[in-house]
Every structure is written in structure tokens, then in C-alpha cells.
Amino acid sequence: MFGKTSQVQPSLSSSSSELDNDVFYDSCYDDDNCGGATEYVPPENGNHSNVSVWGTKIDNGNDAVVLRRGSSGQWQRCSISSDDAERFTHVNVWCDMQGANACSRTETFYLSPFCRSEEPVASNMDISTGHIVLSYMEDHLKNKDRLTLEWDGLCAYEAEPNSIAVGLEPANMRKNRYSDVLPYDHSRVVLNSTTNVSGSDYINASTITDHDPRNPAYIATQGPLPHTIADFWQMVWEQGSVVIVNLTCLTENGVAMCHRYWPEEGSDLYHIYEVHLVSEHIWCDDYLVRSFYLKNLQTNETRTVTQFNFLTWSDLGVPSSVKALLDFRRKVNKSYRGRSCPIVTHCSDGVGRTGTYCLLDMVLNRMSKGAKEIDIAATLEHIRDQRMLMVKTKVCVLCSQNNEREGGAVGGRVGEGIGGG
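As numbered in this note's numbering, residues 7 to 427 make up the sequence shown, in order.
No lab work stands behind these hints: they were computed from the structure. Here the structure is a predicted model, which means the values were calculated and not measured. Please note that a few of the clues may not be correct.
As the list claims (entries may be wrong) - DSSO-like, lysine-lysine: derived pairs with alpha carbons at most 30 Å apart: (1) K181 / K301; (2) K337 / K375; (3) K340 / K378; (4) K378 / K329; (5) K301 / K340; (6) K378 / K337; (7) K329 / K301; (8) K301 / K337; (9) K301 / K375; (10) K340 / K329.
Modelling step: build the complete structure from the supplied sequences, incorporating the hints.
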């Protein structure tokens, strides 16, 4: 059925381009008995007597809407029942054209499938990229052991020897949530020690680059501990980040995953950083969005930071819904659009779910930019060279790749434990 004009509108394409200058279509919405209608604006020299929309049942149980020009010159709507029509497919317009050079004709406008949502969703996958994805999936379906072999190869992959000496220093060990997950020295986030609450430059966080080593796309970090919250907000401030992706709950099955690093209401002060909770909006059962004002009390500068918190992805588990994860990612990227600062991403250990999210986002971003090949293994190796243990269990993201165009999902669950941590 037709949605509100503020929602996704059906696109119309004519079998003849001659009518482009003659007619105009738009979707509109009626709040009376009939849920949807098509508004038809005729050309000045046309006497158009019939506009038909055939398709699915609308709010009052009818399947079709016909608009006819009444004697008063106004368009009148009539409802026609059609039990065998299953979904809107096209609009038929019969044009009785008048004038020396005019001719009467019937034009058919086909409606693209669309769904109700709060905003238009344009495809960001071109045809060539779609063929690559389908070819990739077809190859996996023909060779069902390929994913296992790729994962086994990744497990055997050894990143280049990288020092973790800073994270092992006694003064820093207490700042690590897990003793076996440490940042590499070469890619760790370095804090300004002169403004740090403990005079340290250490936080368990790593910069993750994609194509430009000078501009990190993400900061992968652990869930803050009670005594590292000030370090966390210092990192957010110094890195210029305005988006935080939180992939964990505070506790899972009675185990602490992340300490609350934001106020439940009002403001809290973490060393020189004042964090004020502006709003908390629950979008759905799967995720919520929080907005903060972050103020540096030394400089009196203020910044708005948005936190996206995904709630239904347990440690060493899988997202409850692939579609929900893709919707979540889309909202994150909409908020981030036009910025060049890194997205701060964390779960509990900063490598499992965090690594999976970074991998998924990186691959889909490359596809949307016209990448001609999909090499998940190489991309994951690239990520693992920057932070140890990124993506801890077998991952299958090709179903979400195939459905990124409209945010759909082949199945509700994928892989054998996506992420973890």
C-alpha cells in the first residue's frame, strides 16, 4: 500500500518517455476509510478520465483505488474490491489527449516494491557489486567447506610480531579488563599524560585503519572499568570522536561486561570531563540511542556525543537478528556521515563483537564505494595486524552483505558464534 509522503514512496517508471512532460505522480495519504491513494496531476490539455492502482489490500480491505474526474472538476476516489490481487504492481493511466498534435494512449507505470520505514532507503549497491556478492555466495554454496577452511586458515594466521610491552607494565595491568587482551604498542591510543587523572598515557584501546593509515576509521577498546572511565572520556575528547558504538550490556548472565560510564540522569564529572545525559531513546528491543553533552572543564569547550547501544548480542553469541544489526549500523553511519573522526567501538574485551562490527562495517563500506572484490579473510588479517584476537569465533557475514541493499536478512542467525567479547 502507499505510505505517508514522509515515508518511502514508490518509484514510477514508464514504458514510454513521451509522457514524462505530461503527467506527474506522487504518493499521498488519507486518514479516512481508505488508507492509501495516488494523486494524479494531469497536463493542462489532457482530459484524463481513469487512473487505476491495482494491488494489495489497503486499510479498509479494498485492493484497488480508482480516481475519476468529476463534473465539478475535482478528482473523486472510488474503491474496487479485487480478491485475487496480491500486491501493488503498476498504475494504468488512460490519457484522452486533445489538440491537433495529440493522441490518446494508455501508459503503464510500474511501481518498485517498497516498505514502510521512517525514511527513504536508497540502494548503495550497484549492479556490478551485486554480481560480485552473488558470485561469492554461489561459490560458498557450491563449496560448503570453504568457510570452515577460510576460518581454519585465519586461526593459523600469525600476525607480524608486535610488541605489547606498554600494556604489560605493572602500572597498566590494572587498567586491562582481561590480561590476555592487550593493545599493540604500534597501534595503541596514546593519551595526553599531562591532563590524565593518573599522569598516564595508557588506555586499552587500538586505532583501526582501513585504507588511510593516517586517519583511523575506528577505535577498538574494552568496556571501561570503574577506574578507567576518566581515561575513556579523555580518549573520546582527544580523538575528536562524536559517535560511540557500544555492543554490550553492563552485565550478562551475572558477569560484569562494562561499567556504566555515563550518568543515569543529569550530569557526572569524570576528572575534567563533565558528561550530561541529554536523552535516551529506545528505538526497539535490540538497541537504544543516548545523546550526551561532553564538556572539557579546562577549556570550557562542549561537544555532543551520541552513543548507540546494541543490546541483543551476547558474549560468544550471535546477534538476535541480522536485520536489526544492519539497521543499527545504518543509524550509526547516518549519525556519523560527513565526519572523519574515528568511531569509538567497544564490547567487553574490545576484540570479539567489536572486531566483528568493524569487519562488517569495513566490508560493506568498501562494497558501497564500488569495490570489485570481496576478500573477508584479507580484511580480517588487516584488522588483526592492528589489534590482537579481533573476531574470536567463526564468522559468516555474506548473508548480511547480500541483504545490505535494503537491510534484509536471509536468516535470523548466522555463523557459529559471531564475535564474542
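Can you name, in rising order, the numbers of the hints this structure does not satisfy?
Hints 7, 9 contradicted; others consistent.
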